[in-house]
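Asks: Sequence:
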Amino acid sequence: MIRKAPIGIPIMTRTRNALEIRNAAKRFPTQGGPALTIFDDLDLDFRAGEFVSILGPSGCGKSTLLNILAGQDTFDAGAMRMHAGTEARLAVVWQQDSLLPWKSARKNIEFPLTILGKSPRERKNIARTWLDAVGLAGFGNYYPSQLSRGMRQRVSLAAALATGPNLLLMDEPFGALDAYSKLQIEKAVVRLWEEMEATILMVTHDVQEAVALSDRIIMLTERPAQVALDRTIDLLRPRDLDEIYGTSRFHTLVSELWNTLTRPETEPK
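With the UniProt record's numbering applied, the sequence shown corresponds to residues 1 to 269, in that order.
Everything labelled a hint here was simulated from the structure, so no lab data went into it.
There could be a bad hint or two in this list.
Taking lysine to aspartate or glutamate pairs in the EDC-like style, the calculated list, with each CA pair at most 20 Å apart, reads [to be verified]:
no., residue 1, residue 2
1, Lys-187, Glu-222
2, Lys-182, Glu-172
3, Lys-182, Asp-132
4, Lys-103, Glu-122
5, Lys-187, Glu-243
Make a model of the complete structure from these sequences and hints.
Replies: In structure tokens form, the structure reads like this:
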């Protein structure tokens, strides 16, 4: 899925960061009671080309924030600021794939390229390139029902990256996969992202996954959410995930983040 900047969010363009969120608030109405405040006066910065994971207890607003950035919802207050002169080209990968069941894998990748005005020849070549990039060469004519869950998620990833986004949003993209499929797609994401100039924001509950993939991890408190921790992940790039998972530094970082996540002020109610 690719979108322009979400409607309903004020956008100001004087910032050196790829994306800034300022004084953001989101509330949901309740029946016969006060509104439920998910987050209030929330400030976040994302630098160009960063891979940032957002962690936090259930119900703290991680997915709500991503939905707003994807244009599925709006802030009740606050603003989003994009880098000066930058047009937001957003693509989204959800936990459950959003493939069109009546289109083949190749046609699913081509579909957003049609919206972008690519010619039939360009669409076919781009789709073939990205199918190969995610390890699905030879599966272009298969329909979603003929593919495993992990393969469908690879097609979703290919469809998102094929549009050339400068901001890729991922909401629990690997949460429903088995361990092997998850590792293979994580490797593909790291490899492809390291070749791109895109900022990635990923919501996840998996601390190990966040450490392995990210440049920074933002830990949110329970609602109304604020930033409990903004941690740079000092693991070198390019990263070999097979090696990273076995290093002492990786396990130290995971332990540090778990300790933050399980403090009383960040525990879910």
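Asks: For each hint, tell me whether it holds in the structure or not.
Replies: Hint by hint, here is what the structure shows:
Straight-line distance between C-alpha atoms of Lys-187 and Glu-222 comes to about 31 Å, which puts the hinted pair past the 20 Å bound. Proposed proximity of Lys-182 and Glu-172 is supported: the alpha carbons are some 11 Å apart, at most 20 Å. Straight-line distance between C-alpha atoms of Lys-182 and Asp-132 comes to about 18 Å, which keeps the hinted pair within the 20 Å bound. Between Lys-103 and Glu-122, the direct Cα distance comes to roughly 18 Å. Compliance with the 20 Å bound is thereby established for this hinted pair.
Distance check on the hinted pair: Lys-187 and Glu-243 sit about 12 Å apart at the alpha-carbon level, within 20 Å; holds.
Comparing the model with each earlier hint shows a violation of hint 1 alone; every other hint is respected.
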